[in-house]
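> Below are the chains, spelled out letter by letter.
Number of protein chains: 2
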Amino acid sequence: MKAWNLLKLSENPVLSEVNDPQLWDNNHIMADISHSALNHRDVWIIKGKYPSIKLPCVLGSDASVLTGSGKYIINPGLEWGDEESFQSDSFHILGMPGQGTFAEKIVVPENSLFEVPDHLTMAEAAAIPLAGVTAYRALIKRAGAKQGDKVLITGAGGGVSLWAVQFALALGCEVYVTSGKEAKIEKALALGVAGGVCTIENDWHKSLLQKSGGFDIIIDSIMGNTFPQLIKICNAGAKICFYGASAGNTQDFSPHIIFWRQISLLGSTMGSPEDFSEMMAFIKQNKIKPVIDRVYSFSQLPDALERMQTSAQFGKIILEH
Amino acid sequence: MKAWNLLKLSENPVLSEVNDPQLWDNNHIMADISHSALNHRDVWIIKGKYPSIKLPCVLGSDASVLTGSGKYIINPGLEWGDEESFQSDSFHILGMPGQGTFAEKIVVPENSLFEVPDHLTMAEAAAIPLAGVTAYRALIKRAGAKQGDKVLITGAGGGVSLWAVQFALALGCEVYVTSGKEAKIEKALALGVAGGVCTIENDWHKSLLQKSGGFDIIIDSIMGNTFPQLIKICNAGAKICFYGASAGNTQDFSPHIIFWRQISLLGSTMGSPEDFSEMMAFIKQNKIKPVIDRVYSFSQLPDALERMQTSAQFGKIILEH
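Just so you know, the sequences run in chain order A and B.
Numbering (our numbering) for the first sequence: 5 to 325.
Numbering (our numbering) for the second sequence: 5 to 325.
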């Protein structure tokens, strides 16, 4: 089969002829990949900014697939383990070190397959897995979002943040966003958020406080020195759930306001099989359509990666295989 | 009546003759104070390190009291508000700005009174209120401690930390402590903790990790630059609950390990009426006796304050009125 093989760090993967994956177990199934989707993880691995990289590898964590019995998406998380509250040491996801979805075929455990909801195309379905489960766990399982909560989602445009926006809207939350680009705020408003602020503004956090009156929940993956601002716009009892830290460490973490205002800071990453299954039911029940940025052909992976590296996208970037 | 009146910051309160408190409402009751107890809050107010200090004032948040109908302790938290997850803006506690318990009598709402458990003396009962409810909320309501959890409680010796130790032991947790003084570790071992480490040791956190294998829950009020060490000895899915920050801000807060290991950082302060009521039931059911450091006579408040200021104590410091 054909697959995008990552041979060297800091270079694009190379489209190559590789051996088909092997069906090595009765609990596994061979599937033809219909569509895949990009995640920041793919970019970080290519740049060498990820722990324990093994080369060569076929990247890609998301896919919609066809098997003899129908249309599915794959839960890319494998061997989560027995605890709902954290993943086991053997937890891993599709795409490095095991073969990922930037390929024609894949072999996965049969219980990783979930039927594509009727209201979604195969391209839309491929936008769900990793970003969807990360957003679902962060917003709903960790932060416990519920109807009426005022929710801020930072960095609108990325796959996880837009799933968080859509899940929060479906729950009946009052949703606000930030972005470094005004055009992305406009697109988020079109999705139904109550307001947004461009972070190139001075005092962006004060504008947000004025618009919203303060937040019950903040979903973030930026951290760094934006974190002290986020704390200032929290309501008492608020929860800040973060699943990444693209701006790195925070240099001035003040515990006093956090304990006095009974704030919770919740780290979260990806999600358990239970989270995945609940998310699929939630998407079906609320007929949520993912935000697709652009659909590239399978051969255009380098262009698709370029778009993600420059943060030009608003929504998931999809490959049609 | 006689009361210890704080007239100037950085000076000890003065024992003076003041007017009796007034019974101004049918829902309130006048009580004779049997015993009171000191809290760090009293010391911070005297030092001027507390927000919105109003002078003169009578400090003291804890008391066991006698009324016509029996023996009680007082929940010192007033006007918590309707939300369990945080206190209202009008929440306040006995002892600045309202009259505190370093006095002969006090007027409090009748529903602030809780019967002294049969297994406790009046001196022991006075050790419960503020420290007990703070520990109960932090350990049990916020961090959700349960049987079998490995729990670290830092700064063993203070009132809150020793209540947290005793509640955790009563739950059946495996409990460890830290202290800056070896003698306090010895006393904690005598209470039944599984182990302890003196923080003047280099690499104290590595010793703790070796002894315990890692913690599910950490209860802390030190923060500052001990915090990065605490993170390193957390198990995946761990909860760090902090109710103070005697070492101040943390200069290097790294979010990556927190989200990857699904750790929760939970701010907590004092407790709601529901927390107080549940704590009283828990103390009764488990027949927990507080750790009393020393009982001073009412006239010895300056000596008692001196003992607390030098962190010499192990357990609550009590005044017999």
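A few of these clues could be false.
Pairs count within a copy or across copies, as identical chains cannot be separated in the list.
Here are the computed lysine to aspartate or glutamate pairs in the DMTMM-like style, where the Cα-Cα straight-line distance is at most 20 Å [claimed, not checked]:
{"no.": "1", "residue 1": "Lys185", "residue 2": "Glu83"}
{"no.": "2", "residue 1": "Lys236", "residue 2": "Asp93"}
{"no.": "3", "residue 1": "Lys236", "residue 2": "Asp256"}
{"no.": "4", "residue 1": "Lys53", "residue 2": "Asp207"}
{"no.": "5", "residue 1": "Lys58", "residue 2": "Glu88"}
{"no.": "6", "residue 1": "Lys75", "residue 2": "Glu108"}
{"no.": "7", "residue 1": "Lys210", "residue 2": "Glu108"}
{"no.": "8", "residue 1": "Lys75", "residue 2": "Asp36"}
{"no.": "9", "residue 1": "Lys236", "residue 2": "Asp122"}
{"no.": "10", "residue 1": "Lys51", "residue 2": "Asp86"}
{"no.": "11", "residue 1": "Lys150", "residue 2": "Asp86"}
{"no.": "12", "residue 1": "Lys150", "residue 2": "Glu87"}
{"no.": "13", "residue 1": "Lys288", "residue 2": "Glu310"}
{"no.": "14", "residue 1": "Lys215", "residue 2": "Glu324"}
{"no.": "15", "residue 1": "Lys109", "residue 2": "Glu88"}
{"no.": "16", "residue 1": "Lys51", "residue 2": "Glu278"}
{"no.": "17", "residue 1": "Lys236", "residue 2": "Glu21"}
{"no.": "18", "residue 1": "Lys53", "residue 2": "Glu21"}
{"no.": "19", "residue 1": "Lys215", "residue 2": "Asp122"}
{"no.": "20", "residue 1": "Lys109", "residue 2": "Glu186"}
{"no.": "21", "residue 1": "Lys109", "residue 2": "Asp29"}
No lab work stands behind these hints: they were computed from the structure.
> Each of the hints needs a verdict: does it hold here or not?
Against the structure, the hints:
1. For a Cα distance limit of 20 Å, the shortest separation of Lys185 from Glu83 qualifies neither inside one copy, at 38 Å, nor across copies, at 44 Å.
2. Taking the shortest Cα distances, Lys236 and Asp93 sit within 20 Å of each other only across copies (16 Å), while inside one copy they are farther apart (35 Å).
3. With identical chains, the CA atoms of Lys236 and Asp256 are at most 20 Å apart both within one copy (13 Å) and between copies (19 Å).
4. In this homomeric assembly, Lys53 and Asp207 never come within 20 Å of each other (Cα to Cα): the closest approach is 31 Å inside a single copy and 29 Å across copies.
5. Proximity of Lys58 to Glu88 under the C-alpha cut-off of 20 Å is found in neither arrangement, the shortest distances being 28 Å within a copy and 49 Å between copies.
6. With identical chains, the CA atoms of Lys75 and Glu108 are at most 20 Å apart within one copy only, with a shortest distance of 15 Å there and 78 Å across copies.
7. Proximity of Lys210 to Glu108 under the C-alpha cut-off of 20 Å is found in neither arrangement, the shortest distances being 49 Å within a copy and 48 Å between copies.
8. Proximity of Lys75 to Asp36 under the C-alpha cut-off of 20 Å is restricted to the intra-copy arrangement: shortest distance 10 Å within a copy versus 76 Å between copies.
9. In the homo-oligomer, the alpha carbons of Lys236 and Asp122 never lie at most 20 Å apart, since the shortest distance is 43 Å inside one protomer and 46 Å across protomers.
10. In this assembly of identical chains, Lys51 and Asp86 lie within 20 Å of each other by CA distance neither inside one copy nor across copies; the values are 33 Å within and 51 Å between.
11. For the homomeric pair Lys150 and Asp86, the shortest alpha-carbon distance between copies (18 Å) is at most 20 Å, but the shortest distance inside one copy (27 Å) is not.
12. In this homomeric assembly, Lys150 and Glu87 come within 20 Å of each other (Cα to Cα) only across copies, at 15 Å, whereas the closest approach inside a single copy is 24 Å.
13. Taking CA atoms no more than 20 Å apart as the test, Lys288 paired with Glu310 passes in neither setting, with 32 Å inside one copy and 65 Å between copies.
14. In this assembly of identical chains, Lys215 and Glu324 lie within 20 Å of each other by CA distance neither inside one copy nor across copies; the values are 40 Å within and 54 Å between.
15. Taking the closest pair of Cα atoms, Lys109 and Glu88 never come within 20 Å of each other, the shortest separation being 30 Å inside a single copy and 52 Å across copies.
16. Neither within a single protomer nor between protomers do Lys51 and Glu278 lie at most 20 Å apart by alpha-carbon distance, with minima of 32 Å and 52 Å respectively.
17. In this homomeric assembly, Lys236 and Glu21 never come within 20 Å of each other (Cα to Cα): the closest approach is 54 Å inside a single copy and 44 Å across copies.
18. Within a single copy, Lys53 and Glu21 get their C-alpha atoms no closer than 27 Å, and across copies no closer than 70 Å, so neither meets the 20 Å cut-off.
19. For the homomeric pair Lys215 and Asp122, neither the shortest alpha-carbon distance inside one copy (37 Å) nor that between copies (54 Å) is at most 20 Å.
20. In this assembly of identical chains, Lys109 and Glu186 lie within 20 Å of each other by CA distance neither inside one copy nor across copies; the values are 39 Å within and 63 Å between.
21. Proximity of Lys109 to Asp29 under the C-alpha cut-off of 20 Å is restricted to the intra-copy arrangement: shortest distance 16 Å within a copy versus 78 Å between copies.
Hints 1, 4, 5, 7, 9, 10, 13, 14, 15, 16, 17, 18, 19 and 20 from the earlier list are contradicted by this structure; the remaining hints agree with it.
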